[in-house]
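Novice: As a plain string of letters, each chain reads:
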Amino acid sequence: MSDVAERVKKIVIEHLGVDADKVIDSANFIDDLGADSLDTVELVMAFEEEFGVEIPDESAEGIVTVGDAVKFLEKATAKA
Amino acid sequence: MRRVVVTGLGMVSPLACGVEQSWKRLLAGESGAARIEGFEASDLACQVAMQVPRPGRAKANSDAFNADEWMEPKEQRKVDDFIIFGVAAARQALKDADWAPKTYQDQIETGVLIGSGIGGLGGINETSLLLQEKGPRRVSPFFVPGRLINLIGGHVSIEHQLKGPNHAVVTACSTGTHAIGDAARLIMLGDAEVMVAGGAESALNRIGIAGFCACKALATAFNDNPTAASRPYDRDRDGFVMGEGAGCVVLEEMEHAQRRGARIYAEVIGYGMSGDAYHITAPAEDGDGAYRCMRAALKRAGLTPADIDYVNAHGTSTMADGIELRAVERVVGEAAATISMSSTKSSVGHLLGAAGAVEAIFSVLAIRDQIAPATLNLDNPAFETAIDLVPHTPRKRKIDVALSNSFGFGGTNASLVLRRFEG
Numbered sequence: 001m002s003d004v005a006e007r008v009k010k011i012v013i014e015h016l017g018v019d020a021d022k023v024i025d026s027a028n029f030i031d032d033l034g035a036d037s038l039d040t041v042e043l044v045m046a047f048e049e050e051f052g053v054e055i056p057d058e059s060a061e062g063i064v065t066v067g068d069a070v071k072f073l074e075k076a077t078a079k080a
Numbered sequence: 001m002r003r004v005v006v007t008g009l010g011m012v013s014p015l016a017c018g019v020e021q022s023w024k025r026l027l028a029g030e031s032g033a034a035r036i037e038g039f040e041a042s043d044l045a046c047q048v049a050m051q052v053p054r055p056g057r058a059k060a061n062s063d064a065f066n067a068d069e070w071m072e073p074k075e076q077r078k079v080d081d082f083i084i085f086g087v088a089a090a091r092q093a094l095k096d097a098d099w100a101p102k103t104y105q106d107q108i109e110t111g112v113l114i115g116s117g118i119g120g121l122g123g124i125n126e127t128s129l130l131l132q133e134k135g136p137r138r139v140s141p142f143f144v145p146g147r148l149i150n151l152i153g154g155h156v157s158i159e160h161q162l163k164g165p166n167h168a169v170v171t172a173c174s175t176g177t178h179a180i181g182d183a184a185r186l187i188m189l190g191d192a193e194v195m196v197a198g199g200a201e202s203a204l205n206r207i208g209i210a211g212f213c214a215c216k217a218l219a220t221a222f223n224d225n226p227t228a229a230s231r232p233y234d235r236d237r238d239g240f241v242m243g244e245g246a247g248c249v250v251l252e253e254m255e256h257a258q259r260r261g262a263r264i265y266a267e268v269i270g271y272g273m274s275g276d277a278y279h280i281t282a283p284a285e286d287g288d289g290a291y292r293c294m295r296a297a298l299k300r301a302g303l304t305p306a307d308i309d310y311v312n313a314h315g316t317s318t319m320a321d322g323i324e325l326r327a328v329e330r331v332v333g334e335a336a337a338t339i340s341m342s343s344t345k346s347s348v349g350h351l352l353g354a355a356g357a358v359e360a361i362f363s364v365l366a367i368r369d370q371i372a373p374a375t376l377n378l379d380n381p382a383f384e385t386a387i388d389l390v391p392h393t394p395r396k397r398k399i400d401v402a403l404s405n406s407f408g409f410g411g412t413n414a415s416l417v418l419r420r421f422e423g
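Those protein sequences? They're chains A and B, same order as listed.
For the first sequence, full-length UniProt numbering puts the final residue at 80, and the numbers step up evenly by one.
For the second sequence, full-length UniProt numbering puts the final residue at 423, and the numbers step up evenly by one.
Just so you know, these hints were derived from the structure itself, not from any lab.
Check before you lean on any hint, since a few could be wrong.
Unchecked claim - Using 20 Å as the maximum straight-line C-alpha spacing, the simulated SDA-like pairs for lysine to any residue come out as follows:
1. B/K78 to A/K71
2. B/K74 to A/K71
3. B/K59 to B/D238
4. B/K74 to A/E50
5. A/K71 to A/E42
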């Protein structure tokens, strides 16, 4: 697992209070991990904080699974 | 008007988590006061508070409050402590009342009216600092819903599926009394059959203490002797000691309670309100506001002053103690000699928006157990009075009727009259 994926999963586990084995790439924050719309906003903020990047609202809307977040952040941090 | 009875009690206090646990410690003469723990207080004029005992803290006891038992850690992160306390007290009260509405009809007939004096002061403070340091994009989506006072009621209604009136009171230190009085009225008028009512508060943080210090409201002469700091009616009192916690009662229309065989603790028979129209923090010196609100509560109850057995005083351990005492004397006249009046703030401190709810519960238990809790630290009474101020130790006595007073910043006054239940 990439370093980015590790850090993303740690944040998801912490913020949503879910078991680590549920936090797989295909897991949807709302449907699979019990998040509500406010939780997802906070998750995106936590990703921004952890990775020192800004995630514009248009991009944030596309981040609905753990894998989406990992992919976005791998790309964003590679650029930086 | 329909009759309203108390069928459930819940409490988180500086003495313990739980009603019976707090009551037992109150009657044993315990004080919830200690030096402030958990935040920097060395530069504050007042370094004493009545914090809720928690596991791991120096003040922990066998009845300590473990937040994890009441809310998941990930949810705790999103709200200020006053909401957690309120959720805990409400859950206790509903369990105590054995009321868990399952049908749609029962759910829409059950409401919530829980207030707070200040709300999420700690979270507002922390988020302001974060905003300053890191900018607006770091402000959490839970910032607003985690601080709002009516979100106690929001959480309680969601947890227990209470779909009746959902209301909240914000009247500073009168909040808890107003909440119970207003909720009782909603039942009397037929807006609900059952109400969960009370108050919750946790303003015990640096900015809360600093703010009340600036108002010269807190005790500052007892930093090295915390349990002596809250001393209502005593010559050496120099301010209140801030407490935190929550109190909730389940109020119920009498016949509704009787039909389901609920245990009835007491009846809410009187409620009075008034405004001082005098000063933003100081009570009117002639005590007229306090007098009028007690009179209004007695009138509503249809009682005469001689019917009062016990008064749970607002008695904050400030200059205002004398104003309330004289107002009570004026209300009761010659009956003064037969009345016991104590301030349980000497044990639990001043819970601000939760004070009236916690004190109404103590008044209910005083009726149940026929005992007036004590006023601790009343070593040298500052006032001459015919009223028994119950110094040092509780007094066993007949208590059929109890009056509970609350007076708040802004000159807002409320009194409740509770009576031993007779069907």
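Novice: Work down the list of hints and note, for each, if the structure agrees.
Specialist: Here's how the hints hold up against the structure:
Straight-line distance between C-alpha atoms of B/K78 and A/K71 comes to about 28 Å, which puts the hinted pair past the 20 Å bound. At roughly 26 Å between alpha-carbon atoms, B/K74 and A/K71 are farther apart than 20 Å, so this suggested pair is violated. With a CA separation close to 24 Å, the supplied pair B/K59 and B/D238 exceeds the 20 Å bound. For the hint pairing B/K74 with A/E50, the CA-to-CA distance comes to about 18 Å; that is within 20 Å, so the pair holds.
Distance hint between A/K71 and A/E42 is fulfilled; the C-alpha atoms sit about 18 Å from each other, no more than 20 Å.
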